[in-house]
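Chains F and V supply the protein sequences, listed in that same order. Using the numbering used here, the first residue of the first sequence is number 16, and each one after it goes up by one. Using the numbering used here, the first residue of the second sequence is number 155, and each one after it goes up by one.
FYI, nobody ran anything at the bench for these hints, they're computed from the structure. Among the clues, some could well be false.
Residues from chain F shown here face chain V by an in silico Cβ test under 7 Å; the list is partial [stated by the list, open to error]: (1) Ala21; (2) Arg112; (3) Arg251; (4) Glu323.
Some chain V residues flagged as far from chain F (calculated, every beta-carbon gap over 10 Å) [what the hints assert, rightly or not]: (5) Ala393; (6) Gly411; (7) Ala548.
Glycine included, every Cβ here is placed at the ideal spot set by N, Cα and C.
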Amino acid sequence: MLGRTANGVFWMARYLERAENTARLLDAGFRMALTRDVLTAEAEWRSVIATVGQTAAFEAVHGAAYTGDKVWNFLLRDKANPGSVLAMIEGARTNARSVRTALTREVWEAVNESWMLLSEWLARPVKEAMLGQVLAAIRRQMTLVRGAMDGTMLRNEVHNFMRLGTFIERADNTARILDVKYYVLLPSVAWVGSSLDNVQWESVLRSVAGERAYRWLNAGSTDPRGIAQFLILDQRFPRSLNFCIDKIRSNLRGLAHEYGHETEAHELLRDLGTRFHQTTIEAVIEGGLHEFIVDFIALNQQVAQTIERDYRFYA
Amino acid sequence: MGRGAPVFDEMLTPEGGVRAAYADYRDWFDEQDPALLKRKDGEAENFFRRTGITFNVYGDDAGEERLIPFDMVPRIVTAREWRKLSRGIEQRVRALNAFLHDIYHRQEIVRSGRLPQRLIAENAAFLPQMVGFVPPGGVYTHIVGVDLVRTGPDEFMVLEDNARTPSGVSYMLENRETMMAMFPELFTRVKVAPVQDYPRRLARSLAACAPAAAGDRPTVAVLTPGIYNSAYFEHAFLADQMGAELVEGSDLRVVDGRVAMRTTRGYQPIDVLYRRVDDEYLDPLSFNPNSALGVPGIMDIYRAGGITIANAPGTGIADDKAIYSFMPEIVEFYTGEKPILQNVPTWRCSEKDSLAYVLDHLAELVVKEVHGSGGYGMLIGPTSSKKEIAAFAAKLRAKPENYIAQPTLALSTVPIFTKAGLAPRHVDLRPFVLVSPKGIDLTPGGLTRVALKKGSLVVNSSQGGGTKDTWVLED
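One chain only, chain F, in its complex shape (with noise of 0.2 Å):
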C-alpha cells in the first residue's frame, strides 16, 4: 500500500467524521439557542465556534456579531472557514477521488454522491427553516459512507488507516466539546448532585448524540460528574474518549500484526491506554478537568503525527 494512499483514507475519514461532528454541534446549539434569551443564546453560539477552533476566523469576517444565522452559515459553507462542512465534504471527495483503487465501489460512490448532494444544498446561505434538514441530510450522507464502509471494505490495512483517521478525528472533536463547556459547567461538575443549568449538559450529551445513552445509563438522572465519566470514561459510547483510544489501539494493532512490527504510535497509545485504565472520573477533576483534555488532545494529535511519520504518508 503506497503511503500517499494510506494518508488518502486516513484523511477522507477524519473529514468526513469532522462534518458530522459540525453538523451535531449545530444542531445541539441550534437547539439551545431556541430555547434561550438573546444573550444566552448568543453566548452558546460563540462557544459552538470556539468549540471548533475558528473564533478569529469568525471574527475577522463577522467581528462578534453571534447571531444563528450567521454562526451556521459560517460552520456549513463559508470560504473563509477552512474547517466548513462544505470544505471537509469537498477534501473528503479529493481524498477519496485520489485513492480510488484502495475504495470499494460503493464507498467511493457514497461519498460522490454525498459530495454532490451537499454541495448542491450549501451553494446558498441556508435559513432559518431550512437548517434542520440541512444537517439531518449531512448526518444521513455520512451514515450512509459509513455504512458502505461497514458493509464492503476488506479488514485490511486500508480499513486500518481508515478507522485510525475516525477516531483520532471523533476523539478530538469531542474532547474540545468538553474543553469549551468545562467553562460554563465548572462549578457544577465540584457540586455533586447540583442541578445547576442541566440544559447545558443535555446540550453536550446532543452535541455527541449521547442523550438517549446515558439516559438509558442513568435512569433519567442527570449528574454532571456522570456525564463527564461517560464522556471520558466510558467504554462502550462510541464518542467517548475512552472509546476512541481503544479503537486507535485494535487499528494500531491490526498494523502491527499486518506489518510484524511496531512503531512509536503503539507505545503512546498504550501509555494513553493505561492512563485512561487506571484513573477514575474523580482523580480527573481532582487533578483539573480542562488540564486533562488540554493534555489529551495535544497526545492525541502527536498520536496523528507519529502515525503519519511511521506509515510514510508524505516523501
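Start from chain F and add chain V according to the hints.
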C-alpha cells in the same frame, strides 16, 4: 461532408431497409415504449455522475469535471467485418513495432529511400536516448488505439495510429456495463462478444513484458499525472481493475538500481510501469527538467534493464501525422504484404505540389497539425467561413511542414437516440490492441465516438462528441 459523396448509414440502407448487423437490435427497439426509453436515457447520465466517470477539460475552470455524453443506441459490427478489421489492425501494429525498432537502430527504411531522413531527424518525438536500445521483450507499443473511419460497406480506413498513450478504453468498458445494467434483456437476444476481460488481458500482457530484473510475479503500476488530469478517471479505473497500484511521480524514486514506490512499509521496486504521462515529463534528468510528474533517473534504470515502461519512450515518432502518410509503405516494407487497411489519402504540405493543391482546395479539405491531437488547431474546410479559411491559409504558408491535409470524408453514420426518435450522426471507432512477446491481442469492441450535433464531423470529447457502446456480434 464531401459534396455529393453519399453517406453510408450503418443501420439503414438508402431504401430504408435495416442492415443485417442491426436486424435483431432494431426488432427489439421497435417493441420498446418510447416514454420508457426516454426515462432510461436520463438514468444513464445520473449513473455516470454518481460513479464519477468524468473527464476534465483543459482550459475550463480548474477541477471542473464533465461527463462525456453517452448515447444508448449501440454501434454494431458483424463478426465478418470484425475479422477483416482484426487482420488489418494486427498487420499494422506489427509493422509499427518493426518500424520503431528499425528507426532506433539501423534505419533501413531510410537507407532504402522510402522515408525521408528529415522526418526522423527533425522530429521532436524521436528520442536519441532510445537509439540502440531494445525494450524488454522487444515491444515498443504495448497498447495501441487505432482510429478507424468507415465510408462504405467494406471500407474501413485508418485515420490515426495512437501509439503513445491512447485513452478511452475505460469508456469501452463502462459503456458496456451501463448498457447491460439498462437493458439486460437485450443481451440475451443479441449475442455480443464480451469486452469485460480487457483489464485482465492488459495485466497479463504487461506482466509478459517484465524486464529481466523482475521476479515470478511482476509488480505492475499505473503512473498518472494526478487527479486533475483529463483522463484521471481512466487511470484509476484501469489500476483498480488490474489490481495494480496507481502511482504519481511523487510516490516514486530510484532506490538500489530499481524504480521503487513509497509504501507504508518502505520503498518497493516496480517491474512494469504503465505510464500515462508523456515522454517529455517522464524523467526530469533526461527530458523536461521542470517536470514533477515523472521520476528522476528512470531512463537510466530503463536502459539498464531494471524496468519496463509501457509504451516505450519515443514511440510517438510512429503516430506522427507526417509519418502516418507513409504508413502504406511502412506496412509493406516490414511485413512484405499489401496493407489490409487503407490510409485516408493525405497531402503532405511540406511537398511543394501538395501545398499548392491544398491551398487551392482549402474549402473542401480537412487540414491538421502534424503534431496536434484532440481535434485542436485543425481546419474543416466545408464548415469554415471564408475569413477562417484565409486566416488558416496564412498559417499554412508560414509553416507548411507543420500540416497535412485530407479530403473531408463522408464518415458513416449510426443513429443516436433523440427526443424526436432515432437520428443519424457521424461516428469513428477506436479498437484497443495489446502487444507482448506472446502476441497481439485485440479486444472485440472499442470506443465509438459520435458527433452529437447534426451534420458535425468532429467526434472529439473535448469538442462536444459523445460515445456509444460498440458491439461485435458473435457468429
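Enumerate the violated hints, using their earlier numbering and listing them in ascending order. When the structure is compared with the hints, numbers 3, 4 and 5 turn out to be violated.
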